[in-house]
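Could you build all of it, start to finish, from the sequences and the hints given here?
One letter stands for each residue in the lines below.
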Amino acid sequence: MTIYVLCFALFLVGLYGLLTKRDLIKIILSSGIMGYSCNLMLVLFGYRRGALYPILEKGKEAAPMVDPLPQALVLTSIVIELGVTALLAALAIRLFQKYRTYDITKIRRLSG
Amino acid sequence: MIAPYFIIVPLLAAFLIPFVAKRRDARAVPVSLAAALSLLALSAYVFFVHSGETLVYKMSAWKLPIGINLVLDAFSSFMLIIVSLIALTSLLFSVKYIRHLGQDWKYYALFMLLVAGMNGVVVTGDLFNLFVFMEIALIAALALVAYGGKAHEFEASFKYAIMASVSASLILLSIAVVYSSTSSLALATISQSLAGKSPVLVLWLGSLFMAGFGVKAAAMPFHAWLPDAHSSAPSPVSAMLSGVLIKTLGVYALIRIFYNVLGAPPLFLQVFLGLGAVSIILGNLLAIGQWDLKRLLAYSSIGQVGYILLAAGIGTPLAMLGAVFHMINHAVFKSLLFYNAGALETALGTRDLRQMGDVSRLLPVTARTSMIASLSISGIPPFNGFFSKLVIIVAAVQAGHPLLALAAVVGSLFTMAAFLKVQRYGLRSGRPVEKLVGRVDGAMKAAMIILAALCLLTSLLVVPGIREATLDPVVKVIMDKTQYALTVLGK
Amino acid sequence: MTDKPAGMTLIIKTVSRLIVGLIFLYGIYIILHGHLSPGGGFGGGVVLALGLLAILLAYGREETQKWLRIRLLKDLEHASPLLFLGVGLLGMATGSAFLANVLSKGRLFALLSSGTILPLNVIIGLKVGLSLFLVVLAMAEFDIRKGADE
Chain A
1 MTIYVLCFAL FLVGLYGLLT KRDLIKIILS SGIMGYSCNL MLVLFGYRRG ALYPILEKGK
61 EAAPMVDPLP QALVLTSIVI ELGVTALLAA LAIRLFQKYR TYDITKIRRL SG
Chain B
1 MIAPYFIIVP LLAAFLIPFV AKRRDARAVP VSLAAALSLL ALSAYVFFVH SGETLVYKMS
61 AWKLPIGINL VLDAFSSFML IIVSLIALTS LLFSVKYIRH LGQDWKYYAL FMLLVAGMNG
121 VVVTGDLFNL FVFMEIALIA ALALVAYGGK AHEFEASFKY AIMASVSASL ILLSIAVVYS
181 STSSLALATI SQSLAGKSPV LVLWLGSLFM AGFGVKAAAM PFHAWLPDAH SSAPSPVSAM
241 LSGVLIKTLG VYALIRIFYN VLGAPPLFLQ VFLGLGAVSI ILGNLLAIGQ WDLKRLLAYS
301 SIGQVGYILL AAGIGTPLAM LGAVFHMINH AVFKSLLFYN AGALETALGT RDLRQMGDVS
361 RLLPVTARTS MIASLSISGI PPFNGFFSKL VIIVAAVQAG HPLLALAAVV GSLFTMAAFL
421 KVQRYGLRSG RPVEKLVGRV DGAMKAAMII LAALCLLTSL LVVPGIREAT LDPVVKVIMD
481 KTQYALTVLG K
Chain C
1 MTDKPAGMTL IIKTVSRLIV GLIFLYGIYI ILHGHLSPGG GFGGGVVLAL GLLAILLAYG
61 REETQKWLRI RLLKDLEHAS PLLFLGVGLL GMATGSAFLA NVLSKGRLFA LLSSGTILPL
121 NVIIGLKVGL SLFLVVLAMA EFDIRKGADE
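Protein chains in written order, with this note's numbering: chain A, 1 to 112; chain B, 1 to 491; chain C, 1 to 150.
Since the hints were made in silico from the structure, they are not lab data.
Given the structure is predicted, the values throughout are model-derived calculations rather than measurements.
Check before you lean on any hint, since a few could be wrong.
[Said to hold, decoys possible] Label-pair ranges, simulated between beta-carbon atoms: (1) B:Ala61 - A:Ala63: 25 to 31 angstroms; (2) B:Ala61 - C:Arg69: 39 to 45 angstroms; (3) B:Leu457 - A:Met65: 54 to 60 angstroms; (4) C:Gly21 - A:Val13: 38 to 44 angstroms; (5) A:Val5 - B:Pro265: 22 to 28 angstroms.
[What the hints assert, rightly or not] Residues from chain B that keep clear of chain C, each with C-beta distances beyond 10 angstroms, as calculated: (6) Ala26; (7) Leu88; (8) Asp292; (9) Gly315; (10) Thr316; (11) Leu362; (12) Pro381; (13) Val437; (14) Lys445; (15) Leu457; (16) Val462; (17) Thr482.
By construction, the Cβ of each residue, glycine as well, lies at the ideal position given by its N, Cα and C atoms.
Structure below.
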């Protein structure tokens, strides 16, 4: 139980960074942390007590294994977050080119 | 057998375009137009020929509960028709409009990826697959919003990206909670397993889904990304975003999850009512004060989606009929309004209403179609907006929420005020305009005329004979709630 | 801004030239054994991209563009999702569903087994590796001093 609470605390750490930091790069990193905490929670939900990794190897017989489906989901989720982070980084470069600063309090040409 | 083609056709077009059009940009246009036309034909075929039955396709030939299913029932095929219609007219509009923004083939490839993502969200029957297609559509939409290369477009795109990634993390958390309690990811088996679980779990899940998909649907507390993103994007992209993206990723996902999977718990229906009412009043009120034409249209989008959420919250079959009808109406007239804004921007070089003049003689097609669209969105008969708003207001009164009906009427008055402002300043103000900066050419006019004709034709959908053939199967699928699971599992 | 020579010092250039082949070998190993051990297409693709990125970081952008054939890499990257769709449609053409496993499944634990999973891993590894490298190359090509107005 404490593991899941700690995962949620990591999510809140990422959310705190997203809300209060003023630097664009730190906002991107905070959204990354939020995504990683969700992935961690997904993998932890697949754990079965006393079970092995879910790979069948030559010469060993089938033992109780942890749930492999969340691991496949996390793989997909990591790839998606990689794509979004790459796009955010490219946007950050273009924003620096246009506004000459990474400070979000100064990037405010649009109102509201 | 037809269901995967809705994903394969736009993906194939998106992957072929870089090959075909690297030497000559113009070759990207016929590929994407062919893809959009075939999607429209396929979705019309499925909606009219297979109406009332549910087609289930097992991807990779794996059976439930292990495999991923594609489920095409009446609601999905209805949304597919809306998506392909608006995609076709957006492509027609953007043939000349995009020419000045640089290389064409990248725009068309991203556009096809956006269509593929939205089709995937509508067609899939698996929760994580919905998440993946939602992210595909999001990434394509982000790149399209920032396509013009100006400073405010990047800022709008960054803001949209951060809010969308927060909502994606929330949806991923809720998928984790769903998986840990039901050990399955297909919508049908989730709805069967959740029927016996504790109400606290349903409360948790409902709140997380509401927050996650509420950002995508731009309901009022979660709306902050929409005015910037929709006003900074190029006009055909704004039409796609405002007309179909917030409806497929937001409203369709909300209705599918809350009605078919969770079984419409009454607490969340009241939350829908609250979100809808606040969006209607505040969205349309904020629209009146805007001087930038596209920002006014974006705020009015928030208001109109509020109508759909309000009707979804009332929960009676008549209200759901109003919601579904308003979805197609809003897609048609909001896209037409964005095309008019794009045509005005091309012709006059500005988006500010204070600097526009009297163009009713120089741009006759734009002026007349924008009058038709403004009459539709304000709810004047015989255009389609009147009928859908009437159905929603009558359903609110019949279900015993007279205050909400009053809120809907007040919102409609605000809408009328905002669009009177658009007509007065944008198209018919006293100042005459001598010459135009750019030309509005044939393809743009064709797109606007098609949608204006549809504004009149879709009001026929409420006539009892036609309604039974088209809208009633859609309402039946939604109101059947968790019967959806039995229908899917029976195939 | 002073005009220093692009790329890093001589030690890094020499070492990266020697170990790039080993990085590629490791990446190809992860991709090819995707159905037998952890990793698969995505993990191996990232390692391939890191090998190419080692060259980019050590030598600087201009020399990398002269040394590697970027146009060929871009054409390969455009072709790989088409190949993926082709494998998927192969499943539809032989009567089963889209992306079904229609090639022969082979012996357990052999390298050439498990049907379409091996070609799909290779295609994904190629696509992910090339995409990551080309994205970073595009970010490196971008001249931050031009176009600052508006």
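Hint check results:
1. Judged by the Cβ atoms, the range 25 to 31 angstroms given for Ala61 of chain B and Ala63 of chain A holds: they are separated by roughly 29 angstroms.
2. In this structure the hint that Ala61 of chain B and Arg69 of chain C lie 39 to 45 angstroms apart at CB holds, the actual value being about 40 angstroms.
3. One distance hint, 54 to 60 angstroms for the beta-carbon pair Leu457 of chain B and Met65 of chain A, holds here, with the actual separation near 58 angstroms.
4. Checked against the hint of 38 to 44 angstroms, the pair Gly21 of chain C and Val13 of chain A passes, with Cβ atoms roughly 41 angstroms apart.
5. Our hint of 22 to 28 angstroms for Val5 of chain A and Pro265 of chain B holds, since their Cβ atoms are close to 26 angstroms apart.
6. The Cβ of Ala26 of chain B sits about 18 angstroms from the closest Cβ of chain C, beyond the 10 angstroms cut-off, so the non-interface label holds.
7. The non-interface label for Leu88 of chain B is consistent with chain C: the shortest C-beta to C-beta separation is roughly 22 angstroms, beyond 10 angstroms.
8. The Cβ of Asp292 of chain B lies farther than 10 angstroms from every Cβ of chain C, with a closest approach of about 17 angstroms, so its non-interface assignment holds.
9. Listed as outside the interface, Gly315 of chain B is consistent with that label: its C-beta sits roughly 37 angstroms from the nearest C-beta of chain C, beyond the 10 angstroms cut-off.
10. For Thr316 of chain B, the condition that its CB be more than 10 angstroms from all CB atoms of chain C holds, with the nearest at approximately 39 angstroms.
11. Every C-beta of chain C lies more than 10 angstroms from that of Leu362 of chain B, the closest at about 28 angstroms, which supports listing it as non-interface.
12. Interface exclusion of Pro381 of chain B from chain C stands, the closest Cβ pair being 45 angstroms apart, more than 10 angstroms.
13. No beta-carbon of chain C comes within 10 angstroms of the beta-carbon of Val437 of chain B; the shortest separation is about 17 angstroms.
14. Its beta-carbon lying about 29 angstroms from the closest one in chain C, Lys445 of chain B satisfies the requirement of being farther than 10 angstroms from that chain.
15. Annotated as non-interface, Leu457 of chain B keeps its C-beta farther than 10 angstroms from every C-beta of chain C; the closest such distance is 35 angstroms.
16. Val462 of chain B, annotated as away from the interface, keeps every beta carbon of chain C farther than 10 angstroms; the closest lies near 38 angstroms.
17. No beta-carbon of chain C is positioned within 10 angstroms of the beta-carbon of Thr482 of chain B; the least distance is around 26 angstroms.
Violated hints are absent here; each numbered hint is respected by the structure.
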